[in-house]
Amino acid sequence: MNRVLRVLLIVAAIAMVAFLAFLYVPVQRTPAQMVLAADYAVPEGAGAYAMRIADCAACHTAEGGQPFAGGRAIISPVGTIYSSNITPDPETGVGRYTLSEFRAALYDGVRPDGSHLYPAMPYENYRKLTEQDIRALYSYFQNDVPPVKATQPLNDLAFPFNLSWGLRAWKWVALGEPGFTARSSDADLARGQYLVEGPGHCGACHSPRNALMAQAALTGADPAFLSGGQIAGWTAPPLRGAISAIQGWSAHDITLILATARNAHSAINGEMQLVVRDSSQYMTDGDLTAIAAYLGALNQRAPKPAAEGQTDTEKLLISADPSMDLGPRLYLDNCAACHFTNGRGADEVFPELDGSSLVTAESPTGLISMILQGGELPSTAVRPARLRMPGFAYRLSDDEVATLATFLRQAWSNNTDAVTVDEVSGLRQLDTAN
Amino acid sequence: MPQFPFHRTRRSFLAGTAAGAALSVLAFQARAQAAKEVPLAEYTPEYLSPAEYAFVMAATARLIPSEGDGPGALDARVPVFIDRQLAGDFGIAADLYMEGPFNPEADPNLGTQTALPPAEIYRQGIPAFDIWCADTQGGLFADLDTDAQDIALTALSNGEVGLSADLREFWSLLLQNTKEGYFCDPQYGGNAGMESWVYIGFPGARGNFDDWVGRQEVYPLGPVNIAGERA
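These protein sequences, in sequence, are chains A and B.
Following my numbering, the numbering of the first sequence begins with 1 at its first residue and continues without gaps.
Following my numbering, the numbering of the second sequence begins with 1001 at its first residue and continues without gaps.
Hints in this document: simulated from the structure, not taken from any laboratory.
Where a beta carbon is used, it is the ideal one built from N, C-alpha and C, also for glycine.
Any given hint might turn out to be false.
[Unchecked claim] A few chain A residues facing chain B, derived, Cβ under 8 Å:
1. I318
2. A320
3. D321
4. P322
5. R395
6. L396
If we strip away everything but chain A, and leave its shape as in the complex, we get (with noise of 0.2 Å):
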């Protein structure tokens, strides 16, 4: 018996230690993955377009704020979080940081008092940033960006998270090893792994999320990366496997989406018109190709095949037989002058519904909203127009809005469930009440 308890109390003993140990020996900062020149400069313009495609202005400039300043409230599974001033400000923004303090920030989540940061600052992917573009975005961050004196609110989240070593412990098992390495060598595709798993953070809406909150997956080699997430509420399709809309799509659809925000199929709305926005369409071509050339690869690209003659859907809705179900009249009544029977739209200017990633999502919210609030496609140097789909709101009921959103998202080729009153009901008290 004695024996026994001295074996056990050894063990705890241990484990205290090992516990404190976690808590009080100092965070390790990643140094930098490659040495660079002694005399490194660099490069002109190349600081501004590593904030462009690394996106920090999507999270760090708030809707109508100074640029970086922070303060943007970003709301999440776990709690409200504010993004950080990260102007050159020495009290309240990043003036003070060197370099090396600013790598751990974007590569291990943590501020130079050694606080950890919160994952909504996506650094599970920043990690594998190329030490070029943290010296960039450094040289940016430090010479290029106004100075701006403001604080953001304080962090409102729940446990663990509300504790740095909850946030520590999370690190261990969330984060990847630093640094990047190309599947291929082709260039194209290796500067598009990189730019897709690193700057892009495409995982970090793209990917599901694992019980820990942690992105499942964050290189192209597991079949997790990329194959679907959720973000505000949205579904943020898969880029890759059978039921991708996008492995119908060509290079060029791909390209024009990130530069444009529409093309032949699609539109973008929800969180990712952000990232058009302030990110994709900042790309230089060789870019966007890179991109598509690797979303491609990680697709067994299978164009769909044209349709064959009319849908019965589209027979229906043509006959314009006053005997129709509720959903058809309300789309024929609502919808079908922009979408047209055929829910193919017009290429550039009314995105297909047939086919649509939104329409079939398994989660209904991105559809309900659209077709509750309308949307408006961003304006891009390519394509400046800001095209609007008008909301719906004030013209159909709860229970119209779900007849016709279970009408879309069975019509023409779709076959999703049905949406429910209750699911409509919820997303329109939502809406009133911001």
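Since the structure of chain A is provided, determine the placement of chain B on it from the hints.
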């Protein structure tokens, strides 16, 4: 009443078009939105006085009578439309150039020649016309029998009732507003239940009939209004 040009003939014309052929099929589908609203007789006008409202009811009832094969002006609640228009921007000519010069002798093709905004034309035109009715037909317009009313309206339309130059537009305004109230989107108070759209086979604010262009058939689906209601 052979000299009265607007009786029946215009509706026969509309009903005679290809679209009109579908009417008898469609008429029963009209949803009676009007039922939700107060009866015309109990409507409290925003602009018109009780006497003016009585005139508008009586006059529009003769311009588009209910005793035909489609809805009349009263079924479509045209008086409500007119009252609400006169109470709003239209009544005060908010969108019209009103600086003059006004020349009552000018060719009618040169446009309105009065300093009076539409609401004021009704306000002054109705009593002036009623005086003519009393003198020649023996009563206020609203109190005359329908034959006498038709004679009076015919005289009004021919400019034979001695209105002052300022009121020269009274007749054309009344007629135009009656048509507008009959065919407007129901949000403006007229075209109750979209019945006049159903009657002429107008499919409403649906926006795209691409698939039907060139088809020599009657479009079968009833109308939808701007609020998205179906009839």
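Please verify that hint: D321(A), Cβ, nearest Cβ of chain B, below 8 Å or not. Holds, because the Cβ-Cβ distance from D321(A) to chain B comes to roughly 7 Å (cut-off 8 Å).
Just to be careful: measuring from the Cβ of L396(A) to every Cβ in chain B, is the smallest value less than 8 Å? Holds - the Cβ of L396(A) comes within 8 Å of chain B, reaching about 6 Å at its closest.
Does the closest beta carbon of chain B sit nearer than 8 Å to the beta carbon of R395(A)? holds, 4 Å
Given hint A320(A) near chain B, where the shortest CB pair must fall under 8 Å: holds, 4 Å
Measuring from the C-beta of P322(A) to each C-beta in chain B, is the shortest one below 8 Å? holds, 5 Å
Interface hint check: I318(A), Cβ to nearest Cβ on chain B, cutoff 8 Å. Holds or violated? Cβ of I318(A) sits 5 Å from chain B, so the hint holds.
When each numbered hint is compared with the structure, no violation occurs for any of them.
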